[in-house]
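Read off the chains here:
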Amino acid sequence: MSADLLDVVRRCRGGESDAWRALLPTFQEIGRRALRSFRLSRADLDDVLGDALTSLYAGGLSQFRGATIAELVAFLRTVTRNRALDFVKERNRWAPSDALDQADEGAAERIGGPSPVDAALGVADDECLAFLRQEVGKLKREDRELYLMKARGLKEREIAEQTGRSAGTVASQIARLLERLRERLRDRGCL
Amino acid sequence: MDPLDRLTERLVAGLDRQADSPTGGCLEIDVLGDRVTGTLSPPASERVNAHLDECLACLHTFTELRDYLQGVAAPGPVSPGLGRTLDELLGHQPRERFWLRVADGVRRTLVLRVPAWTAAAAIAGLLLTWAAVHKLERPNGAIDPPSTSSERLIPAYAQNTRTISGVVGSVRDATSNGVDAHVVSVTDSAGATYVLFAWGRPTVRAGESVEIVGILTSAGQSAGSPVYQGVATALRRAR
Chain A
260 MSADLLDVVR
270 RCRGGESDAW
280 RALLPTFQEI
290 GRRALRSFRL
300 SRADLDDVLG
310 DALTSLYAGG
320 LSQFRGATIA
330 ELVAFLRTVT
340 RNRALDFVKE
350 RNRWAPSDAL
360 DQADEGAAER
370 IGGPSPVDAA
380 LGVADDECLA
390 FLRQEVGKLK
400 REDRELYLMK
410 ARGLKEREIA
420 EQTGRSAGTV
430 ASQIARLLER
440 LRERLRDRGC
450 L
Chain B
-10 MDPLDRLTER
0 LVAGLDRQAD
10 SPTGGCLEID
20 VLGDRVTGTL
30 SPPASERVNA
40 HLDECLACLH
50 TFTELRDYLQ
60 GVAAPGPVSP
70 GLGRTLDELL
80 GHQPRERFWL
90 RVADGVRRTL
100 VLRVPAWTAA
110 AAIAGLLLTW
120 AAVHKLERPN
130 GAIDPPSTSS
140 ERLIPAYAQN
150 TRTISGVVGS
160 VRDATSNGVD
170 AHVVSVTDSA
180 GATYVLFAWG
190 RPTVRAGESV
200 EIVGILTSAG
210 QSAGSPVYQG
220 VATALRRAR
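Each protein sequence line maps, in turn, to chains A and B.
Our numbering applies: residue 260 is where the first sequence begins, and numbers increase by one.
Our numbering applies: residue -10 is where the second sequence begins, and numbers increase by one.
Worth flagging that the hints you see were computed from the coordinates, not collected in a lab.
Do not take every clue at face value.
Calculated pairs, SDA-like style, for lysine to any residue (alpha carbon to alpha carbon, straight line, at most 25 Å) [stated by the list, open to error]:
no.	chain 1	residue 1	chain 2	residue 2
1	A	K409	A	R447
2	A	K409	B	R(-5)
3	A	K397	B	V184
4	A	K399	B	V184
5	A	K348	B	R(-1)
6	A	K348	B	V184
7	A	K397	B	G13
8	A	K399	A	L437
9	A	K399	A	K348
10	A	K399	B	C15
11	A	K397	B	E43
12	A	K348	A	K397
13	A	K348	A	A302
Here are the in silico distance ranges between beta carbons for each label pair [said to hold, decoys possible]:
no.	chain 1	residue 1	chain 2	residue 2	range
14	B	S214	A	E349	36 to 42 Å
15	B	A62	A	E349	30 to 36 Å
16	A	R280	B	V202	22 to 28 Å
17	B	G167	A	R447	36 to 42 Å
18	A	A326	B	G14	20 to 26 Å
19	A	R392	B	V202	53 to 59 Å
Keep in mind that this is a model prediction, so the values were computed, not measured.
For every residue, glycine included, the Cβ atom is placed at its ideal position computed from N, Cα and C.
This is chain B alone, in the form it adopts within the complex (with noise of 0.2 Å):
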């Protein structure tokens, strides 16, 4: 890169962060917009431009303000991928991706903020819970014994751990406050799905042939094929 430009990159991100968290001589966002429309009084506008002409930081929040109310006044058309995305999202076009998106951004909104281990202990309480629910159901506290279905796998209830071999499909970050974490989503050869929490950086990658030794439950289907959620313990290449 052009040692001009890579230095200009920078000047302008330092410029930008002052302009999430402006210092105290700094202008306020709307005064800095009554100045882009033109409504401020004479001695106020004075008073904006002199500052402006003193302050790097406001000058560059209000050229980019001016670009962004010129935008506003006059907006483009709408691209279809966007149009797409806020159909789905206002139920007109129900897909499963919605509910991953609509998930996704509550996870980046909110999880984020919540420490890798406490998600994982939630999953593993919630697991456990509802594994003694089903138990206590039962009339002697028996458990089902272990199914021999090939389409279905044993609940979490009667068996807690399982080693599943299958292909990965997908990995997904669940960073969260600098604890690594992710989320890895397998499809055995019977079709069904398991999407796994997993602590620590991922080792896998997707198409690569895995074995996981994890605590699953059964969340439903999809596409007529059985997804099963839960833990990895253990997760290793396929030998």
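Looking at chain A on its own, in the form it has when it is part of the complex (with noise of 0.2 Å):
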């Protein structure tokens, strides 16, 4: 598998038709997997599909030097969520001016920098997140697993495929641990 899907890079540079509408499906997959956590509607998630095969298409792909299927799979991930983030920037950039004047109104109230409350309630929350952290990380390798699958927005069902595992025991064992970290972190004042 390998070796042909980097023989089909080598040839969409070399301008193949063919070798394009091969890397088409592969290239679909890993993009739809590295959006899944900007929540996109499936419209946005084709725009943003279809712009980074556009920049691929536009030279894009002659920048990937690797030369094995995992940094291949980074490459067009990279290159897919850079292209989600441009999207997402440009939407919020281009929001209703009305929505962009309420939040003008609000930027001006905050002249002089954040309020001493939020400003601790800024605080709090990274101390919250360094907490999360290391919850996290004394959690059992497997836990570790499905937490950071959840967390990537795979469903139960996907966990189950890639963990061999039934839908059933990865639902209910990710309901623990995810109970158990709201527990720690509620007892931290986090919650």
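Both chains are sitting in their own frames, so use the hints and assemble them into the complex.
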């Protein structure tokens, strides 16, 4: 599979139409998985993937210098996610002016920097984040993997497929571990 | 949003950033790939496992890679929209939008790294060069008198600036390196379209009637109507 796909990429860079068609399903699969956490609508997802594909076609793919399938996956992931970040940034920039006006008013009120209460909340949030990271680090490796997969937006069915467990087992394990984390965060005063 | 979800989102964003710029202690992506596909030797696999037990960033990359590689092994059907995009790129369904997409792709890949003022200066330079060349090509260096046809604008070499009234079709971001700029598309009452580069943040929105003072040149035709391009030097809502 690895050599075949890398050969497809080489042929794409040579401008072969058939190679681009062969690459498309793989690109789409990587792109969709890379964009899970962005929670885009289907139409927006297609737009972002279309933009990423266009930039690859316009010369972006020639920047790939890797020699392994994992490097190719990481490259396509980065291209897609960068495109999605641009998309989200642009969408926020072109939000309706009414919303912007309201945001500006809010910004005007904040002139002089965040209020002491906001600053305290920010510090508290950072501490809670560090605490969560520490607690996740204390989980069993198996639970840590489940947590990370769930956090990236994988469905329980998908997690089950990848870990070789039943969807029911995965669901109950995730529910248990999230409850445990919630409890620890509550004890710490983060919830 | 649930506080745990919010913290989790921040945690994953941090891990993503770490994956994009791995620190010295992190494993190479192809080593993790070999671990996913089971092609590492037993001792190497053991070493990788020991690292994954300790390093949350690498474990995150590992689970992500496992997810991607599973998708690569059994890709689903391509969405019709993405299929159409590729057809356009390959020239099987040439449409006007295709060129816009390619231009946009190139812009995002390359041009965003060029400051907006450089792009504006380049456009202005091209317009002036074009005007000068056209003037020199005429026997006595004379310029054409302004056209009286309502279907055609006076080109840049004959009149550097012109005021246009029309309705904004779209406003696209052209910000680069923190310098605000945008591209406005305007259609006038005769059906001519103007694509204009402007500095700063947009002050108009799609659907609004505007007046624009700009340096223009003809760019061709689209669906039988003339299209012009140029630089807007003043742009305001029509009163």
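Hint check results:
1. K409/A / R447/A: holds, 23 Å
2. K409/A / R(-5)/B: holds, 13 Å
3. K397/A / V184/B: violated, 58 Å
4. K399/A / V184/B: violated, 58 Å
5. K348/A / R(-1)/B: Holds - the C-alpha atoms of R(-1)/B and K348/A are around 17 Å apart, at most 25 Å.
6. K348/A / V184/B: Within the cut-off at roughly 23 Å; holds.
7. K397/A / G13/B: holds, 23 Å
8. K399/A / L437/A: Holds, at about 13 Å.
9. K399/A / K348/A: Given that 25 Å is the threshold and the Cα spacing comes to 37 Å, the pair is violated.
10. K399/A / C15/B: holds, 20 Å
11. K397/A / E43/B: Holds, because 10 Å separates the two Cα atoms, which is no more than 25 Å.
12. K348/A / K397/A: At roughly 35 Å apart (the allowed maximum being 25 Å), K397/A and K348/A break the hint.
13. K348/A / A302/A: holds, 17 Å
14. S214/B / E349/A: 36 to 42 Å: Violated: the Cβ-Cβ distance is about 28 Å, outside 36 to 42 Å.
15. A62/B / E349/A: 30 to 36 Å: Given about 34 Å between the Cβ atoms, the range holds.
16. R280/A / V202/B: 22 to 28 Å: violated, 48 Å
17. G167/B / R447/A: 36 to 42 Å: holds, 39 Å
18. A326/A / G14/B: 20 to 26 Å: At 23 Å between Cβs, range holds.
19. R392/A / V202/B: 53 to 59 Å: Distance hint for R392/A, V202/B holds at roughly 55 Å.
Hints 3, 4, 9, 12, 14, 16, counting from the list given before, are not met by this structure.
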